[in-house]
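Using the sequences and the hints, build the whole thing.
Protein chains in written order, with our numbering: chain A, 4 to 427; chain B, 4 to 427.
It is possible that some hints are incorrect.
Put simply, identical chains are the same to the list, so a pair is met inside one copy or across any two.
To be verified - List time: in silico EDC-like cross-link candidates among lysine to aspartate or glutamate, alpha-carbon distance up to 20 Å:
(1) K206 - E217
(2) K62 - E297
(3) K121 - D109
(4) K233 - D205
Hints were generated in silico from the structure; no laboratory data involved.
Protein chains: 2
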Amino acid sequence: MNASAANPLLAYCLDVARRADGASAELAIVDTATKNRWLSRSAELLDESVEEIVAANRKDLELAPSYGLTPAAIDRLRIDRERLTAISNAMRDIARLPDPVGEVLDGYKRPNGLEITKVRVPLGVVFFIYESRPNVTADAAAICIKSGNAVILRGGKEAIHSSSAIVKCLQNAASQTGIPRDAVQFVETTDRDAVGLFLGLDKFIDVTIPRGGESLIRRVAAEATMPVIKHFDGNCHVYVEKSADLEMALDIIENSKCQRMGVCNALESLLVHEEVATKFLPMLRDRLASHKIELRGCEASRLILPEMVPATEEDWGREYLGPVLSVKIISNTLSAIEHINHYSSHHTDAIITNDLIASRAFTQAVDSAAVVVNASTRFNDGGEFGFGAEIGISTDKFHARGPCGLRELTSYKYVVQGNGQIRK
Amino acid sequence: MNASAANPLLAYCLDVARRADGASAELAIVDTATKNRWLSRSAELLDESVEEIVAANRKDLELAPSYGLTPAAIDRLRIDRERLTAISNAMRDIARLPDPVGEVLDGYKRPNGLEITKVRVPLGVVFFIYESRPNVTADAAAICIKSGNAVILRGGKEAIHSSSAIVKCLQNAASQTGIPRDAVQFVETTDRDAVGLFLGLDKFIDVTIPRGGESLIRRVAAEATMPVIKHFDGNCHVYVEKSADLEMALDIIENSKCQRMGVCNALESLLVHEEVATKFLPMLRDRLASHKIELRGCEASRLILPEMVPATEEDWGREYLGPVLSVKIISNTLSAIEHINHYSSHHTDAIITNDLIASRAFTQAVDSAAVVVNASTRFNDGGEFGFGAEIGISTDKFHARGPCGLRELTSYKYVVQGNGQIRK
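The structure is reproduced here in structure tokens:
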């Protein structure tokens, strides 16, 4: 650690991480009412600071073209009074959610009289790396603090002035409500090397959550010395089984593919049972026509819809995030399961069926975070699952899988109560 | 992966990992009765193969001196009829444990009618690296298969003949009972480079569990591309609060320190409230005298027992795993909590008290896998917690903390059932 004297950036990162670590020990035992007061007060201060925040946001907006942001990205960056109200109301919503900390997960008495309870506790310090959307700054801080974790926020440089103004409100609210001010740390430097330095500080940081493109997540996973909650791509499938209600299948496919194309729970690959393909594929073409979806079909499916682009092996593993859908004819449910377990990114996969055996086989054997029967893939989402808040959707199987809300940012400990028991 | 052609060892590791991965998909949906039949049949085959196994064990025993094993280690390596019966009975015990796979962890209905269940599923493939104790081979395989995971067993070279003979029984039992034979993989090579190669195969291996010395665990944690369940040291504390029943404190300290000194849940550091120190420390000295424990005291404690060795700063962080105990006088419970949270390895820490406020403060604020009130630290153990079986004790906070039994080797998935719901 003597390297820090010679390296001001490392000294800065160490200081931020140490402060967060120190705050996390205090925060772990802060009661729910105090955390909720912080959330409410933060919301108030955000509302009251609309002018400062909009002014800071204006600086980011002025710099945005120099970062090469697209008009859509610039729009997502913009904060006005209405959007700020949405941000502060989201904090109020999180205040209303149950506190995961202290939840008793299990409890029992041993034959020797020992009483054992398994109690939910915070993880400690979360290092959160995210894209340039200032609303995420408030949202992530709220989720971390409510679950008892200190947070180090590393946002995109494109939103640094907006995020910094928001964080100032959150930190002031902390000082006013009994939450350690150091519990919300914002990385003020835009130096890219800072990320690498934080990733080496597993002594102080308990988990890293990177949100952004695949290359960022891969880099973080490779460099991090602490656990990482990863959010990779979603190559999501819908399988139309032969007993499916075909109108329902069309509704679900249209919704899964077209409601929002650029998201991880959008449909990318369609499997159709061979017994219904001849009837269904023309219906599908007509339903998707207005959405201008390019269909890429397997050989068998192109005998039915020759106008489809031939799908290549590579298509089955692709997450298009756009107006393309691969289509494959499948001879039975077992083949559909095998295809999905092989090509899916294990995010969200759905079956449309009226057959109980097929439905049971699918939900049991498909190894994905969410396995859906007769509903849109778009439902794999913390909000839709009723979590109230979400910091990401994990594609890992370890620790947290699927939507990550408050509970997914916790660990547990065993409390063992006795009256003098010793081990024989 | 073309490297495998030029590297026979990599080709071997890839083959082992691919087979395990293939088997894990089958194993994930095998029913409980089949897994239990495999456990019972394995136990029978072990019993029936006593002569082959003892003969294989004899080869290991003959080679043991050339590996520099101590007489104690050689004794742990030895298998006779009685010890083999203990091994096979342990497998029968695991057959009687509840199957974690399929357990519904949560379930609810959303306002739109979607029914969501959170269901326990296996992790997939476990890479288990362990010391040279042949009984662990059978035990680890039993825990992994019962929890629906395929396992790659990498045991110490000192037990390779014994372990190999045991694995043959387990694999034959698999073929006879409908468990994929490839679900139990045994690394036949003793080449140390194999471990490094397996640690790069995160495509096929879902978690690595290293058991052994700290340097092995650090190496695995640094090299592994997949998650690791780590089992670091236990610097365990007992804090004698001023209201403690001092006789109870002596019993608990003697048991925590002396019942088995070389284990991770043994006591290493004692904190004594200043108000009871003058009375208690001489009692402690007398109680521990017959065990020949070296006491290393802080300055204040040496005013009471001058014969104690002076403790240095380094002593507070040490895991002695032997007949040494550090002793520190503490002025209040808050200081005890701070000392423990600073120096403890967060494994097991206990308070002896009759004061409710002190007890509550301690259990809430001490951040350790097991926080114990008025009982021995030695109870932090899967068997003592009633898990029935244990593959290790995690010192991580992520995924699994404390004893790891069947449930700690699982993940979960969400099953979402609808009747045509689409997202608005």
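Review point. At most 20 Å between C-alpha atoms: does K121 with D109 qualify within a copy, between copies, both, or neither?
Key: both (5 Å within a copy, 17 Å between copies)
Exercise for review: Evaluate K206 and E217 at a C-alpha cut-off of 20 Å and name the case that applies: within, between, both or neither.
Suggested key: between (26 Å within a copy, 16 Å between copies)
Review point. For K233 vs D205, is the C-alpha pair at or below 20 Å within one copy, between two copies, both, or neither?
Key: Both, since 17 Å and 14 Å are each at most 20 Å.
Check your understanding: When no copy is specified for K62 and E297, does a C-alpha distance of 20 Å or less occur within a copy, between copies, both, or neither?
Key -> neither (40 Å within a copy, 66 Å between copies)
When each numbered hint is compared with the structure, a violation occurs for hint 2 only.
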